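Peer 1: Sequence:
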Amino acid sequence: YVFWRGTTGDIYEANYTASTGTWGHLDLTTAQGWGTATSAPGIGVNPSTNHQYLFWRGANGDLYEAYWTGSWNGPQDMFTKYGFGTNIASPPAVAVTDDNNAYVFWRGTTGDIYEANYTATTGTWGHLDMTTTKGWTQ
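Position 99 (the sequence shown) corresponds to 274 in the working numbering; numbering is contiguous.
Hint data in this document are derived by calculation from the structure and do not stem from the laboratory. The structure displayed is predicted, hence computed values, not measured ones. A hint or two may mislead.
To be verified - Here are the computed lysine to any residue pairs in the SDA-like style, where the Cα-Cα straight-line distance is at most 25 Å:
(1) Lys256 x Pro266
(2) Lys256 x His302
(3) Lys256 x Thr312
(4) Lys256 x Gly196
(5) Lys309 x Ser246
(6) Lys309 x Asn276
(7) Lys256 x Ala234
(8) Lys309 x His226
(9) Lys256 x Ala268
(10) Lys256 x Ser214
(11) Lys256 x Glu290
(12) Lys256 x Thr213
To be verified - Label pairs and their computed distance ranges (CB to CB):
(13) Gln251 x Ala189: 21 to 29 Å
(14) His226 x Ser265: 21 to 29 Å
(15) Asn262 x Val220: 22 to 30 Å
(16) Thr213 x Tyr176: 45 to 53 Å
For each residue, glycine too, the CB sits at the ideal point set by N, CA and C.
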């Protein structure tokens with residue numbers, strides 16, 4: 176799977192089907208009715224289930240998530256839904272583990288590094304200002 180932000184702010188996906196040896200592609204923004212992305216998307220794939228988690232900065236500067244578990248769900252504004260604080264100033268970086276925990280990192284508009292983390296066993300999201308909490312320097 177390859178994801179990118181097009182010149183119009185739409186998010187695109189290209190996918191390869193090994194059994195047929197073919198590539199397909201889709202404008203996810205148009206197909207799913209998503210809003211404009213203002214950053215490159217960050218993608219995490221669960222290596223056990225092949226579920227995909229896609230994050231990007233929306234036109235309002237908030238972090239958005241959409242996820243695929245057989246079909247696309249979302250997007251949801253993570254800041255509005257979970258109160259994640261400051262707008263993002265960088266494309267998000269994403270990692271997903273075999274047990275379906277997710278970790279998303281971004282630079283905030285203040286220069287601090289933030290982390291959002293999803294714990295699959297409890298179905299909850301948390302977040303931290305890593306710069307302040309961990310004493311990191313900018």
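Peer 1: Cβ-Cβ distance between Thr213 and Tyr176: within 45 to 53 Å?
Peer 2: The hint (45 to 53 Å, Cβ to Cβ) is violated, given that Thr213 and Tyr176 are roughly 21 Å apart.
Peer 1: Tell me if the beta carbons of Gln251 and Ala189 are separated by a distance inside 21 to 29 Å.
Peer 2: 24 Å, holds
Peer 1: Take the C-alpha atoms of Lys309 and Asn276, compute the straight-line distance between them, and say whether it is at most 25 Å.
Peer 2: With Cα atoms ~21 Å apart, Lys309 and Asn276 stay inside 25 Å; holds.
Peer 1: Can you confirm whether the C-alpha distance between Lys256 and Thr213 stays at or below 25 Å?
Peer 2: Answer holds: Lys256 to Thr213 is near 19 Å, not above 25 Å.
Peer 1: Between Lys309 and Ser246, is the straight-line Cα distance small enough, at 25 Å or below?
Peer 2: 37 Å, violated
Peer 1: What's the verdict on Lys256 and Ala268, does the C-alpha distance respect the 25 Å limit or exceed it?
Peer 2: Given pair Lys256, Ala268 holds - Cα atoms ~20 Å apart, limit 25 Å.
Peer 1: Assess, step by step, whether the Cα of Lys256 is no farther than 25 Å from the Cα of Pro266, and give holds or violated.
Peer 2: Distance of about 20 Å is within 25 Å: holds.
Peer 1: Would the hint linking Lys309 and His226 be met if the CA-CA limit is 25 Å?
Peer 2: Not OK: Lys309 and His226 at ~31 Å, beyond 25 Å, violated.
Peer 1: Within 21 to 29 Å: is that where the Cβ-Cβ distance between His226 and Ser265 falls?
Peer 2: Between His226 and Ser265, where Cβ atoms are some 24 Å apart, the hint holds.
Peer 1: What's the verdict on Lys256 and Gly196, does the C-alpha distance respect the 25 Å limit or exceed it?
Peer 2: 40 Å, violated
Peer 1: Could you check the hint for me, namely that Asn262 and Val220 are 22 to 30 Å apart, CB to CB?
Peer 2: 26 Å, holds
Peer 1: Do the alpha carbons of Lys256 and Ser214 lie within 25 Å of each other, as the hint requires?
Peer 2: Holds, because 20 Å separates the two Cα atoms, which is no more than 25 Å.
When held up to the earlier numbered hints, the structure conflicts with 3, 4, 5, 8, 16 and fits the remainder.
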